[in-house]
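Asks: From first to last, the protein sequence lines are chains A, B and C.
Going by this note's numbering, the final residue of the first sequence carries number 518, and the count climbs one at a time with no gaps.
Going by this note's numbering, the final residue of the second sequence carries number 320, and the count climbs one at a time with no gaps.
Going by this note's numbering, the final residue of the third sequence carries number 317, and the count climbs one at a time with no gaps.
Do not rely on the hints blindly, as some may be mistaken.
Claimed, not checked - Restricting the straight-line Cα-Cα distance to at most 30 Å, the calculated cross-link-like pairs of lysine-lysine (DSSO-like) are: (1) K87/A <-> K160/B; (2) K176/C <-> K201/A; (3) K19/C <-> K282/A; (4) K19/C <-> K130/B; (5) K347/A <-> K160/B.
As the list claims (entries may be wrong) - Not everything, but these chain B residues come out facing chain C in the computed CB check (under 7 Å): (6) P57; (7) L62; (8) P81; (9) G97.
Hints in this document: simulated from the structure, not taken from any laboratory.
C-beta atoms are modelled at their ideal positions from N, C-alpha and C, and glycine is treated no differently.
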Amino acid sequence: MTDHAPMRISRRGVLRAGAVGIGAALLGTAACSDDDTSGGGGSSALDYYYAPCPMGEHPYSLELMQSTFGVTFKTKYQVTQPDYSTKFQALLAQGQVPDASAMNGPDMLQTFAAQDVFGEVSTDLIREHAPNYAAGVDKHVPVAWATSLYNGKNYGFPGIGGPSAAFSAFTEWRSDLLEKAGVGKVPETLDEFEQAFAALKRIGVYGMTSGGQSYFAAFMTIFGAHGVLPMQWQILDGKLVNGAVHPMTRQALELLASWYQKGYIDPECMGANPALKFIAGKAAMFDYGGPQDIDPKNQNGRLFAIRQSDANGKLEFGLPPEGPGGRASWSFGTSGWPVAFGRQLTKDTGKVKDVLKIWDAIWNDKDLCVKLTIGEEGKAYKLTDPAKGIDGGFQWIDKYVDPVARMAEGFSTNGTPFIGTPNWDISLQLKVPVPAERDLVQTYGKYGHADLFQNPMAVPESGKYITDLQSLKVKMFAQIITGAAPVSSFDDFVKQWNTRGGAELERQANELYAKVPH
Amino acid sequence: MPPATLTAAAATPSAPTAKPRPPQRRRRGVRRTPGEWAVDLTIVVLLAALAFVTLYPFLYVLTISLSSNAESQQVGFHLLPVDPTFDAWRAVLESSGILRAYGNTIIRTVAGTFLSVLLTSMMAYPLAQKTFPHRRLINFLLLFSLLFGGGFIPLFLLVKNLGMLDTRWSLILPGAVAAMNVILMRNFFQAIPRELTEAARVDGASELRILFRVVLPLSKPVLAVISLWTALAHWNSWFDALLYINDPDKQVLQMFIRNTVVTQHDAIITDVGSTIGQSAPSPQSLSAAAIMIATLPIIILYPFLQRYFTQGILLGSVKG
Amino acid sequence: MSSTSAITTAAPAEGRPRKLLRSYWRHRYFIAMFLPGFAVFVLFTYAPMYGILIAFKDYHILDGVAGSEWVGLANFHSLFFSGSDFLNALRNTLVFACLNLLVVFPAPIVLAIILSECRWKWFVRLVQTISYLPHFISWVVLSGILFQFLGQLGTVNALLGLFGLPAQSWLYEPDKFYGIYVLSAIWAGIGWGAIIYIAALAGVDTELYEAARVDGASRWQRIRHVSLPGIAPTISIMFLLQISHFLVVGFDQIYNLMTPITQDSADILDTYVLRHVLTFDYSQGMAASLFQSVIGLILVVIGNRVVRRLDPDQGLW
């Protein structure tokens, strides 16, 4: 399953943060169910609505999959992420339900399950025909079984992301500015942060900036230091509550408001380009970085951008600050892109078995998994350190350096378009091909904390309320932090939150939690 | 001096007897006072300021599309690329299939615009006749359709039921007659002096002939505007292609570019590895190049249509 | 509703149906010309109209419109009353709509007239071609440019600094949002919007200008009595069309310019709907657009009456 690798917070990026799921699931394309082959059909044609991936004429990945498993995938859908659900609706409007469809998230599954689009499938069937995969889910993300449920019935099976989904974005500092301000080392606790900010203010630089418009990323490390991550579900006094209305959030907001008032926070962090001041040297810390940011030669990294205007700019990573709640930063969690089966398959379970068989095989067979994800060695990529195999890292070669060429074949470090990260053990190696960067991710991203359900949308009616609640949260927090509203208005916020669906979701979250293994 | 009436000014009795005069020649009879010079100057300054301000976004995008990876991500004016490179343009243009996508879009634009202008004018001209039966009802139907719509799913089903899925017709026909265009054309036709059409009628011309030989040539401005609007709409549209077209051979340019840019953007953004991005164009450059490649042809089209907006074209087309 | 027939002077004894048939016959060539376009129009705009019913149903996509359950006004109810910020969104939408009508709408007209008054025609053509360019750039890019220019480190504040004035936070203050909206809407739309008026001005008889000049009319008088009346039909049509979409204010523009701090001022019906309606919830989406359409219809009917009172020949129907 895809995770959300550290990315630039652009407005669009933030909006799509919850939805960037390249390679979410298998897509079968079945016009109208042609052949009915129950019992593991070898020649059955699958109608598979798969994750966004405009593939080329003869995608390697697709063809390998077909030949290995003896299945044909009918239509090659050429859809990208923004148009994914529109196209799906168009298919449905014609009366065609794909045999298997990758869902953008549990909320998408819930919405369409409510419309009787999908067919009920027993979990026993899943466990029987994809035993290794099921065992993997049990072991790594047992809570993921919730994502294919709706109203107590099961409509498919969970898709889980690899361990990389558990990591968070990095905290990064302009160490040249820290030096100028006389701060010796990269701050590690909230108090040290504050002292550093005060010193930075004296040289006319903002202490920190963050993606203020984002429902999840806004000042996430500061909240994390208080033991909360707003919009995630967590346990308080034995019950589930949402981090947005947790008492410790109020404390975090108070701290942030005082920092803002003292001039430690960039006032334009609520705008379209929060990293701007960081790159320009007017803010010293940004909380959404990635391993490419420290490589001065990587043109997508921030250090490269910094050096364009300041040849002496320096960038260092740091850990999320430690505070009364420990250390934490946001990660999206490893579950949440379920695959749902069309309602025509409740009788014809042959195709269900086919799909399960494929997932299971890929989960089990590392070589096949590698081939489907990144192609053949020597042709699409070469190993950096052949002695260590895939652990040693790899590089794209020839035309595959171009992402579009890779997509055309169905390759992606996020997994094949048909299945998400298929194999837990090598998923991180596939996702981060450079071992040095992998180490960085494991060092600086390890405080990633995900929601209890490993996906905030798992709660049944999230789709209905969550956009509104997110918007409310972003607005209120922005007002409190910038001082447009007093910290006491947090109580008012909690009240509004509850009336606008928060209380209902809380009730459902608790119900759901009781039902799933954890 | 008498104010002109609300209806087209050409309907004054003196019109047929006026001497034909080439519209462009400047009159030298009236000398310009200093007051008038001041106004002239102000006008020029205002227009120049406007031109500068409105040119800027376009220049900005153009520059970013031609900028190196590093520069495109900088904050700055981006008036001219410091280190111009065609990498981004190449990346978009070299995507396999783009020529076909371009071709498909050109076909749809030309055919669609032509059909649209034809059908629209053939519908608007009768409506411009004050005695046309059910005129008010039809006008109301036009307006109503501007306000209310059933959404994309019923339309999609209709297209499917007509068997037009995955055909070029699905891109051309549904939008061929746009209510707004009919309304505008009707209005322009109404302003054409009846004497001209009556004269042709008396000569024994059929209504169709009158439309094509008399009315349309006199309506060049509105035809130019509607052609421009329609052509642009066709050129830019992607939603209908998304819904109706599955065959990649028939895919249109915008859809194609959308796929490419989004794909590249996502690939770069979520691909943590630094193996890519060393020389690849930045997402900003790619999007910018895509915008340029997609919109340039239309922008180039406009100056050719501008000559239809010259004043006095109405009179100029009437020979004595 | 039959046409006001100025030609027929039928004897009172003739019945309506016969009058109609005679009218058809008299206009037979016109009708023949009219039908193909009309058929296409009716087919593709009215056949799908039944989709409006979705607003009154609990739409299940696989059951189609007919098969979905009727729920009456329930969708409207949940749309309006599930969110306490509906009234705020409505209020903002009205403010933007009025600003659109009063300030943004006239701007292209003014530009068209100024262009026609300029003596150097090559310059006019150049400016015309340049001025519509922003129309081709999406609001994502335009807002990015604005954030840069109006930001703390941006040009505008730098200029203010030169004059010793304090820097302003242009995009992060709710009160300033309306001004930014109007100015940026004009910036992006004035050139493209002027095209139709330029075309209309091209149709004004140059003889009238000459006549006015000979009569000693000043430039302003010429504009008032020749140019404006000449394009008044076009203005009234565009005005009525604008009113019909009264509640549809620039979603892309506002969405991209909005920040959490200005959200209370900037939130409009469309952004409200975006938050309260799932991407996949067709019913509520239909309800929202139906609401906007009904308001637009009411307004345009009123507007049309007013216009026809001024001149019976104008008006949309």
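Asks: Does each hint fit the structure? Answer for all of them.
Replies: Now the hints, each set against the structure:
Simply put, K87/A and K160/B have alpha-carbon atoms about 14 Å apart, close enough for the 30 Å limit, and the pair holds. The hinted pair formed by K176/C and K201/A meets the criterion: a straight-line CA distance of about 28 Å does not exceed 30 Å. Taken as a hint, the K19/C and K282/A pair is broken in the structure, with Cα atoms around 81 Å apart against an allowance of 30 Å. Taking the CA atoms of K19/C and K130/B, the gap is about 16 Å. The hint holds against a cut of 30 Å.
Among the hinted pairs, K347/A with K160/B is consistent with the structure: their alpha-carbon atoms are about 28 Å apart, no more than 30 Å. Taken as an interface hint, P57/B checks out: its beta carbon lies about 5 Å from the nearest beta carbon of chain C, inside 7 Å. Checking L62/B against chain C: minimum C-beta separation of about 10 Å lies over 7 Å; hint violated. Because the closest C-beta pair between P81/B and chain C is about 16 Å apart, greater than 7 Å, the hint is violated.
For G97/B, the shortest C-beta to C-beta distance to chain C is roughly 23 Å, which exceeds 7 Å, and the interface hint is violated.
Hint check: violations occur at hints 3, 7, 8, 9; the rest are consistent with the structure.
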